[in-house]
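Protein sequences appear in the order of chains A and B. If you want the numbering used here, it's the position in the first sequence, counting the first as 1, plus 4. If you want the numbering used here, it's the position in the second sequence, counting the first as 1, plus 4.
In case anyone wonders, no lab produced these hints; they're calculated from the structure. Among these hints, one or two may not hold up.
Which copy is meant is left open, so a pair is good if it fits within one copy or across any two.
[What the hints assert, rightly or not] No more than 25 Å apart at the CA atoms, straight line, and that leaves these computed lysine to any residue pairs for SDA-like:
1. K224 to K378
2. K140 to L289
3. K378 to Q283
4. K233 to P17
Quick caveat, the model's predicted, so the values are computed rather than measured.
There are 2 protein chains.
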Amino acid sequence: MQEIYLDNAATMPILKEVLAEITETYQADYANPSSLHSKGYEVEKKMTKSREHLAKILGVSASEIFFTSGGTESNNLAILGIARANRQKGNHLLTTAIEHPSVLEAVRHLEKEGFVIEILPVDPAGRVDIEELLSKIRPETILVSVMAVNNETGVMQDIEAIAQRVKAVRCDIIFHSDCVQAFGKVRMPMLKNVDSISLGAHKIGGPKGIGLFYLKKGIKIEALLFGGKHQSGLRPGTENYPAVRAFELAAELAIAGQQQHFIKAEQIRQLFLNELSVQGVDYRLNAPLELSSPFIINIGLPDIRAEVLLHALETEGIYISTGSACQSKKNRISHVIEAIRAEYPEGSIRLSLGYQTSEAEVRQTAVLMAEKIKQLRRFVRK
Amino acid sequence: MQEIYLDNAATMPILKEVLAEITETYQADYANPSSLHSKGYEVEKKMTKSREHLAKILGVSASEIFFTSGGTESNNLAILGIARANRQKGNHLLTTAIEHPSVLEAVRHLEKEGFVIEILPVDPAGRVDIEELLSKIRPETILVSVMAVNNETGVMQDIEAIAQRVKAVRCDIIFHSDCVQAFGKVRMPMLKNVDSISLGAHKIGGPKGIGLFYLKKGIKIEALLFGGKHQSGLRPGTENYPAVRAFELAAELAIAGQQQHFIKAEQIRQLFLNELSVQGVDYRLNAPLELSSPFIINIGLPDIRAEVLLHALETEGIYISTGSACQSKKNRISHVIEAIRAEYPEGSIRLSLGYQTSEAEVRQTAVLMAEKIKQLRRFVRK
Numbered sequence: 005m006q007e008i009y010l011d012n013a014a015t016m017p018i019l020k021e022v023l024a025e026i027t028e029t030y031q032a033d034y035a036n037p038s039s040l041h042s043k044g045y046e047v048e049k050k051m052t053k054s055r056e057h058l059a060k061i062l063g064v065s066a067s068e069i070f071f072t073s074g075g076t077e078s079n080n081l082a083i084l085g086i087a088r089a090n091r092q093k094g095n096h097l098l099t100t101a102i103e104h105p106s107v108l109e110a111v112r113h114l115e116k117e118g119f120v121i122e123i124l125p126v127d128p129a130g131r132v133d134i135e136e137l138l139s140k141i142r143p144e145t146i147l148v149s150v151m152a153v154n155n156e157t158g159v160m161q162d163i164e165a166i167a168q169r170v171k172a173v174r175c176d177i178i179f180h181s182d183c184v185q186a187f188g189k190v191r192m193p194m195l196k197n198v199d200s201i202s203l204g205a206h207k208i209g210g211p212k213g214i215g216l217f218y219l220k221k222g223i224k225i226e227a228l229l230f231g232g233k234h235q236s237g238l239r240p241g242t243e244n245y246p247a248v249r250a251f252e253l254a255a256e257l258a259i260a261g262q263q264q265h266f267i268k269a270e271q272i273r274q275l276f277l278n279e280l281s282v283q284g285v286d287y288r289l290n291a292p293l294e295l296s297s298p299f300i301i302n303i304g305l306p307d308i309r310a311e312v313l314l315h316a317l318e319t320e321g322i323y324i325s326t327g328s329a330c331q332s333k334k335n336r337i338s339h340v341i342e343a344i345r346a347e348y349p350e351g352s353i354r355l356s357l358g359y360q361t362s363e364a365e366v367r368q369t370a371v372l373m374a375e376k377i378k379q380l381r382r383f384v385r386k
Numbered sequence: 005m006q007e008i009y010l011d012n013a014a015t016m017p018i019l020k021e022v023l024a025e026i027t028e029t030y031q032a033d034y035a036n037p038s039s040l041h042s043k044g045y046e047v048e049k050k051m052t053k054s055r056e057h058l059a060k061i062l063g064v065s066a067s068e069i070f071f072t073s074g075g076t077e078s079n080n081l082a083i084l085g086i087a088r089a090n091r092q093k094g095n096h097l098l099t100t101a102i103e104h105p106s107v108l109e110a111v112r113h114l115e116k117e118g119f120v121i122e123i124l125p126v127d128p129a130g131r132v133d134i135e136e137l138l139s140k141i142r143p144e145t146i147l148v149s150v151m152a153v154n155n156e157t158g159v160m161q162d163i164e165a166i167a168q169r170v171k172a173v174r175c176d177i178i179f180h181s182d183c184v185q186a187f188g189k190v191r192m193p194m195l196k197n198v199d200s201i202s203l204g205a206h207k208i209g210g211p212k213g214i215g216l217f218y219l220k221k222g223i224k225i226e227a228l229l230f231g232g233k234h235q236s237g238l239r240p241g242t243e244n245y246p247a248v249r250a251f252e253l254a255a256e257l258a259i260a261g262q263q264q265h266f267i268k269a270e271q272i273r274q275l276f277l278n279e280l281s282v283q284g285v286d287y288r289l290n291a292p293l294e295l296s297s298p299f300i301i302n303i304g305l306p307d308i309r310a311e312v313l314l315h316a317l318e319t320e321g322i323y324i325s326t327g328s329a330c331q332s333k334k335n336r337i338s339h340v341i342e343a344i345r346a347e348y349p350e351g352s353i354r355l356s357l358g359y360q361t362s363e364a365e366v367r368q369t370a371v372l373m374a375e376k377i378k379q380l381r382r383f384v385r386k
């Protein structure tokens with residue numbers, strides 16, 4: 005059975021070129037970059053090159069780039085690290101109801117440390133109301149965190165505009181953006197008014213276990229981990245150069261192919277939705293197309309339990325999701341689907357495209373999905 | 005030039021079998037173990053198998069095993085996580101002067117959070133005096149942390165005896181042991197009285213970026229990272245199954261070959277030291293052989309600057325270290341060498357053996373080292 009993998013927002017298969025590179029690097033550059041001998045120094049130099057390359061891709065300085073174990077750690081470092089280090093300036097934090105759990109739970113944890121948190125609702129499209137956000141800023145506000153692309157619905161926020169407006173209220177408010185689902189998929193926000201961002205390699209065909217944290221020079225932060233003086237002391241632990249190199253290559257490929265990937269994803273998304281209509285499937289978009297990443301399609305289906313459809317499709321070798329992998333096992337409506345007040349929360353599914361996803365794959369998915377939906381509805385209505 | 009790599013305590017080259025396995029796993033088992041579909045579930049099942057296998061190797065339950073990004077994160081999770089979660093029981097922490105920076109700096113950070121820390125000195129062998137340690141226990145003591153094998157000198161502590169004596173004073177004191185340099189090298193302490201340990205994969209021929217944290221059931225702990233419900237919520241973030249599987253295999257191979265590796269390392273260490281004597285090199289052992297891991301040889305050389313010798317040897321393709329890679333760039337005497345009051349702190353070097361290190365390699369190293377030392381001394385004495 006041909007496998008059709010449509011859960012690339014949970015994790016994208018590692019790219020062939022990236023796999024070849026990490027395999028080579030494991031062997032050639034195994035030394036510890038912190039070792040004093042030339043073998044370590046060679047790896048340190050290569051590590052610096054990777055850091056510089058990623059910095060260049062993001063339009064920032066190499067000294068502003070830190071490697072972490074992934075998007076979750078990067079978001080935690082941003083939220084916990086910035087809040088704790090800037091506490092003397094204030095204790096108020098602002099974020100949105102549709103953030104990734106690694107932002108939301110970090111923020112909620114800070115409540116226990118005496119911070120006051122405010123979680124903004126979103127409109128039915130999943131968008132933050134900028135005016136409302138601005139109205140919540142207090143003299144004690146130190147940090148605002150808004151994600152660039154939502155991992156469940158794909159909805160995009162205008163990060164540049166939000167960051168600029170926040171900074172216009174008070175330039176010393178720190179602005180973080182979780183860009184894990186944006187990088188290599190949609191246009192990244194300019195980082196002019198954005199003080200920190202999070203990226204993860206395995207969402208763009210890189211390996212798991214490696215993430216990036218960008219922090220603008222001059223922003224105060226407290227480390228989450230303590231130890232050796234690696235990475236300016238902000239993130240100790242033996243540097244994982246093979247993974248860093250693989251991340252660099254995945255990023256390079258993602259950026260080089262971005263325009264082509266984006267156009268292809270848009271076409272595939274449209275083709276899928278057209279095919280669903282042709283097949284007579286009734287669905288609601290859980291985010292407006294023009295406001296969403298084309299790599300994420302989240303739709304609500306009436307009279308369908310998403311999980312049942314998911315399992316019906318997997319018997320055909322088609323893999324979709326009901327939302328974030330981080331939450332899916334909880335077996336209840338996700339906080340994002342709740343926040344957008346989706347019309348069919350129980351019947352909301354997510355298909356997420358990879359660079360390799362083909363038109364034939366989504367066409368077949370639409371046809372089989374229509375079939376399964378008919379079967380399931382018959383069953384429901386008996 | 006044939007390369008002789010003797011810095012395996014900093015990082016060991018990835019084993020061929022492990023590399024083949026991780027490469028295969030990257031491709032076959034790329035799905036996110038938290039995904040709801042069967043492809044994710046298959047990886048989750050495999051992840052559980054790896055966890056169970058590692059638990060069995062350690063003689064503990066699978067539910068007591070957590071995967072982290074490495075030894076540094078595991079040690080931080082132990083120190084910060086246990087101290088913060090048990091603060092209502094007391095605020096006093098006890099550790100030793102020769103711990104890894106990821107323990108020492110975590111403990112020092114806790115001082116800023118209001119904990120009282122006590123760092124025990126060691127004797128010139130690098131050993132903790134158990135009676136002295138016990139005498140420092142107060143009613144407020146909640147955590148004692150003693151490493152099993154020191155990463156710089158290789159000195160071993162009798163962790164079982166220390167843990168047992170600590171528990172005899174008060175059974176609710178939590179005992180942590182950094183076992184990063186012990187696992188797969190020397191006999192691991194029984195975990196009966198040990199509540200938590202840290203391991204890292206890349207010290208035994210596994211990949212970088214993956215570590216293990218064992219926490220005895222029932223011990224209270226606070227997470228360092230917040231997010232999804234992965235790993236019982238203690239350590240969120242997409243699970244890095246390829247690295248976990250590679251770690252499992254490296255551990256399996258390390259344990260299967262342990263006796264043989266240990267005997268071989270003892271022989272190689274003795275051969276190296278004999279050869280040094282034959283070559284007329286004057287040296288002091290920085291840890292008694294009978295109390296040390298045979299994988300780590302730390303010696304002090306009179307009238308030699310360790311760093312200069314290290315660079316002289318690297319021109320011959322021989323890679324040694326002056327101490328911990330985590331600290332070596334700081335270019336000063338390490339805290340461990342200071343703590344043991346080494347006779348020749350400036351001239352202290354570390355050779356650390358891997359499973360692949362051969363007799364021929366260390367013999368050649370001894371010969372070339374003797375040569376370089378003569379040249380350098382001539383230079384010094386001019």
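Quick rundown of the hints versus the structure:
{"no.": "1", "hint": "K224 to K378", "verdict": "neither (56 Å within a copy, 50 Å between copies)"}
{"no.": "2", "hint": "K140 to L289", "verdict": "neither (30 Å within a copy, 65 Å between copies)"}
{"no.": "3", "hint": "K378 to Q283", "verdict": "within (10 Å within a copy, 85 Å between copies)"}
{"no.": "4", "hint": "K233 to P17", "verdict": "between (33 Å within a copy, 22 Å between copies)"}
Hints 1, 2, counting from the list given before, are not met by this structure.
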